[in-house]
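Work out the full structure: start from the sequences and follow the hints.
Protein chains in written order, with our numbering: chain P, 183 to 277; chain B, 606 to 1090.
Hints are computed from structural coordinates only; laboratory data are not their basis. Please note that a few of the clues may not be correct.
[Said to hold, decoys possible] Okay, the calculated beta carbon distance ranges per label pair: (1) Asp247/P to Glu950/B: 37 to 47 Å; (2) Glu938/B to Lys260/P: 43 to 53 Å; (3) Glu879/B to Val231/P: 29 to 39 Å; (4) Glu207/P to Glu637/B: 47 to 57 Å; (5) Leu940/B to Lys208/P: 26 to 36 Å; (6) Thr235/P to Ser1021/B: 29 to 39 Å; (7) Val871/B to Val249/P: 46 to 56 Å; (8) Gly893/B to Leu196/P: 51 to 61 Å; (9) Pro902/B to Ser215/P: 40 to 50 Å; (10) Glu868/B to Thr235/P: 51 to 61 Å; (11) Arg245/P to Lys662/B: 17 to 27 Å; (12) Val249/P to Glu637/B: 41 to 51 Å; (13) Thr235/P to Ile897/B: 40 to 50 Å.
Quick caveat, the model's predicted, so the values are computed rather than measured. Ideal Cβ placement from N, Cα and C applies to all residues, glycine included.
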Amino acid sequence: MSIDLKTIKHISKLSRISLDEKKAEKLAGDLNSIFDFIEKLNELKTDNVEPLTSVAETTLKLRPDEVKSKNLREQVIKNSPNENEDYFVVPKVIE
Amino acid sequence: MSDITKQSLSELVENIKSKKLSSSEVTKAFVERSEKSKELNVYITEDYSNALEKAKKFDEKPNLDLKLPGIPMAVKDLFCTKDLRTTAGSKILNNFVPTYESTVTQNIWNEGAILMGKLNCDEFAMGSSNETSFFGNVQNPIDKNLVPGGSSGGSSSAVAAQLTPITIGTDTGGSIRQPASFTGTVGLKPTYGSCSRYGIVAFASSLDQAGPMAQNVKDCALLQEVISTYDVKDSTSIDFKRNEYSKELTKDIKGKKIGIPKEYRVDDMPKEIEDLWKKGIEYAKDCGAEIIDISLPHTNYALPTYYIVAPAEASSNLARYDGVKYGFRAEGENLINMYEKTRSEGFGAEVQRRIMIGTYVLSSGYYDAYYLKAQKVRKLIKNDFDDAYKKVDAILTPSTPSSAFKIGEKTNDPVSMYLNDIFTVPVNLAGLPGISIPAGHDAKGYPLGLQIIGKAFDEQNILNIAYAMEEKINFKNNITDWWIK
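As structure tokens, then:
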């Protein structure tokens, strides 16, 4: 299997990471060598194996639906790169 | 006492409790040594003046019943610390100041310890050499221009160089055990669910665990006892009976069955590692353990499985860094453009690589072929351990396939870097506890570690085996203080 530049650009779009041509080419090379290594898994027959989704064999605990944290508005906004009063500011979305 | 920083945690606790030393004296000693050791680049953020202030306060009204009374320590910069910058080694969190405290660090402060600062690590804990950190390489105190391992490289270097008596790291695929092995220190990765993940910057949520790093097994046991608690804030935290690991520590391991997995004898394994392993087997026998050959047939599939599961979870966890709510933001002409530039400029190359791998294996049309396949193989790997533990109480392996390498030696070849974790990754995939203890030196005089893997929740057992073997091994680290002018 080989990951071409078109696929790299598609993944870059899905990942929301912009790439220039040089970076895209480097990544194509890296990803191809990593996926060559990953292909080893195809040696194994796994049709009848249940996928492991969690190593902890416990069921999630239920808890009462209570408010534990109050008045966090200031804390939530504190690290924002750009805010206005109680809102996060982002570039204009609606024309 | 001029040799304060040479003391183990247990000695420092004893000396503070018996009032031979004050917290201020101890804190001052570690702060002074840290200040003389800037060349190692272990700190991302120093908090020395607050630490000295807290030590003074502790001494005014010392509570000597605590487990870590007035003990100063630095922690990996992956743990959120309230009001102190937490970067995860990334530019994207360069200015992030948490408004809350991680459960693990809170447990430590509750027992009287004092924060000295935040330690360097690979960016988002993705790396095996601490070379992916936005804040630069960390030097291994063992030798100049040698990597300290990763991702908890600042932590391992700081403990080995005696800049902090103990520390905590996180381990997703070997990030505590491999750096411990590279620096001649002890590192424990607990069972998944033992230590709360609340407030730890997430990498791969089904694999991440916090754990103690120290100069000896006893100190490691004491710190594990402090950090391991059931926590409702982490839905994967497990409510099991936790031991008082340091009090219950014993060297009596007579009759314990220790398994030697033949699949860990990998191709091209250096003879030094093979010899170390043989020596380890002899030490275990000397301690009265019974050695049993076992098989973990899917070992060779662990790394390929890990490099699907971990990036997949990372790509999902790191989707939150969008330049809106916190962290670095790049300007863009529209919202999408802002996201794309923020993430392109804010994340380093290795993190971008892993996000791309993860996005690809989870993308439409590839999910079954990669992610589902990896989850199935992960089950087979776990089954291997379950079968082995019907016959044995613990498993002994080398910690790493080599000793520490030079800075820059492996940065251009991601796969050769990934191979560092060949012996540690299976343990994370199966959610088991594993400890690395220093066990010898290679021809260059660099430390080598042995790993003891336990059953789930059986930390006490592997700590005991490590404790017994540590005495027989009698390891001495060769640290010359070359970085102190």
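Tell me, in ascending order, the numbers of any earlier hints that this structure violates. Numbers 2, 9, 10, 11, 13 - these are the hints that the structure violates, sorted from lowest upward.
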